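Chain D: place on chain Y using the hints.
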Amino acid sequence: MSAVVLSLTGARKAFGADELFTDLSLTLAQGEHLCLLGPSGAGKSSLLRCLMGLEALDEGTLTLADPTAGLGLVFQDFRLFPHLDALGNVTLALRAAQGLGAREAEVRAWDALAQVGLEAFAHKKPRALSGGQQQRVAIARALALRPAVLLFDEPTSALDPERTASLGAVLRALTARGVALLTVTHDLAFAEHWADAVALLREGQLTTPLPAARFFGPEAPAGVRAFLTPGAVQEEPSEP
Amino acid sequence: MLETFFNGEVLLRAWPLLWEGLLLTLQLGALSIVLGWLGGLALALLGLYGPAPLRALVRAYVDVFRALPVLVLLILVYYALPFVGLSLSAFASATLALAAVSSAYTSEIVRAGIEAVPHGQSEAGRVLGLTFPQILRLIVLPQAFRLVIPPLTGNSINVLKDTALASVVAMPDLLKQATQAQALEANPTPLIAAAGLYLLILLPLVAMVRRLERRLGRPS
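First to last, the protein sequences are chains Y and D.
0 is the number of the first residue of the first sequence in the working numbering; add one for each residue after it.
-13 is the number of the first residue of the second sequence in the working numbering; add one for each residue after it.
What the hints contain is simulated information worked out from the structure, not anything from laboratory work.
All values reported here derive from a predicted model rather than from experimental measurement.
All clues given are correct.
Residues from chain Y that face chain D, not an exhaustive set, calculated with beta carbons under 7 Å:
id : residue
1  : 80
2  : 82
3  : 95
One side of the interface only, derived from the structure: several residues of chain D facing chain Y at Cβ under 7 Å:
id : residue
4  : 106
5  : 109
6  : 110
7  : 113
8  : 114
9  : 115
10 : 116
From chain D, some residues computed to sit far from chain Y (all C-beta separations above 10 Å):
id : residue
11 : 5
12 : 37
13 : 42
14 : 43
15 : 69
16 : 171
17 : 173
18 : 191
19 : 195
Beta carbons are placed, not taken as given, at the ideal position from N, Cα and C, and that holds for glycine.
Isolated chain D, as found in the complex:
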């Protein structure tokens, strides 16, 4: 049993592969998360304050990318876009798909955060002579960000988990490397190790969200 699932020798041999995969997973995750934040913030602002046609466009984008399974989108980007002359690497395809979906979710989270800041705060800014961009930057967004940190972290956890889908388009991420090593060694230990590594990264984040939510849920 131990020999099969927790084989030390196998783990030692597979470790370089797993390590490479882990680094790639973290790079893909971090890049997708940051791009998702930036895209989501831009979408939220356009969706709230942009001209009417743009607002409708943002709404359509958000609905479509929240409805579309990430795996479907990823396969579309990787296998279908080349037919229109756009060939992206596995890493770029995965980043694009993850960030596109994440930005849709992020924009909804940020929009809700902005709308949760009382309108009186903006009026107080106007009365003091601030311009609209100043009100947004100095008064509304700092308060909104505080509200959206827990849901934003939750969404980032999902993005990090979804990086495993990139193994489908042959990107050598943690999961792909683990399955490769498992095939090579004819032993499931690398898969167990990969699962352990995912937990090692994600469990603290999950715990952090729980703490943040508890702290924000308590009236100050």
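With the rest of the complex left out, here is chain Y:
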């Protein structure tokens, strides 16, 4: 078992009277890819926003093994800076937030673009790139800051099956280098194929993460099976 890089315990988030999740805990190990599934509105994206500090948790503790290597987030709609080219998108935070000099920032940015296979597009503005290429720039932008954990919100929503596979390959290369990934998705096939562990966020509760093979197999807990095949499984009373 690899070292834990992120642990969240006892997290609670509510919007007014609408409670999204309570007493939610999760841990991520170095190089692990955890996939969160769940019905729309279950709070998956909010969980990512809370982890990222875009929204405050009502309760709970987030602990990072190495506070200097933080978290990165790739938005569902990428949110590239349209006035900057791909390289500029990646260097911006290196220079402004991390205080690197122009040359060092460029070296790091080229390296990040190379990791997602986009060196040839470094001087293209976002609008000149395809959706899949824009996503890679967004990944490179987050990656260049050398985060311990990368969060992805619905990474496959704009991708066809071929591009989904090449995204999966990019993600696998990241985990191989020790980056932990937490992806939120509706894409069951993506989760089954590319995640190490899968968990279900439903009715405010997160199930224990299971290896993808078990999560999608016949041995999965009833709640999971009910989610995966609605109507096919009767909800059983609580299991031991």
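Chain D alone, transformed into the frame defined by chain Y:
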């Protein structure tokens, strides 16, 4: 007819006066426009991000100076301020009045530009660890400026046109010099020439706004 309205000799004699007036008009225009931009940017930022009392103050300023006719303001500054011990030259009065009004309009234009930048852009900056001033300077304002170039140019055209009002407070701008020359020569040619000079400066700017608007209106 030609002798009356397009008299070459009259024009030649009046030219030095007109030239001086033109230079003064351009100086007054340029200074007022730049001050209006700076003031408008400051007002927009204060109005959006300042503490609540300051935001209310900015709103009041913008409303008042958009409502007040420039000519009224100019006459107030030039003829009324001396009664409280503040005597400004004609040039300073005109600059102050034009910049005060222009900054009110500019602040509304800049505010709209900033608000047109999607909120997700700021969030993307936060996620990358940028501070609020960095987000503003590096992400929001560069995008906002692109959006506000056409309306800002349009507003600058208005400022340049309004410089002619300065002739009312005896500032020897292009219009004032032209009317002076017209009185001197008892011939309207200098006025025609002045009108031609205004058009010469402003028509290209108007055309530029049209081009910019067309280019920005087209989805990229």
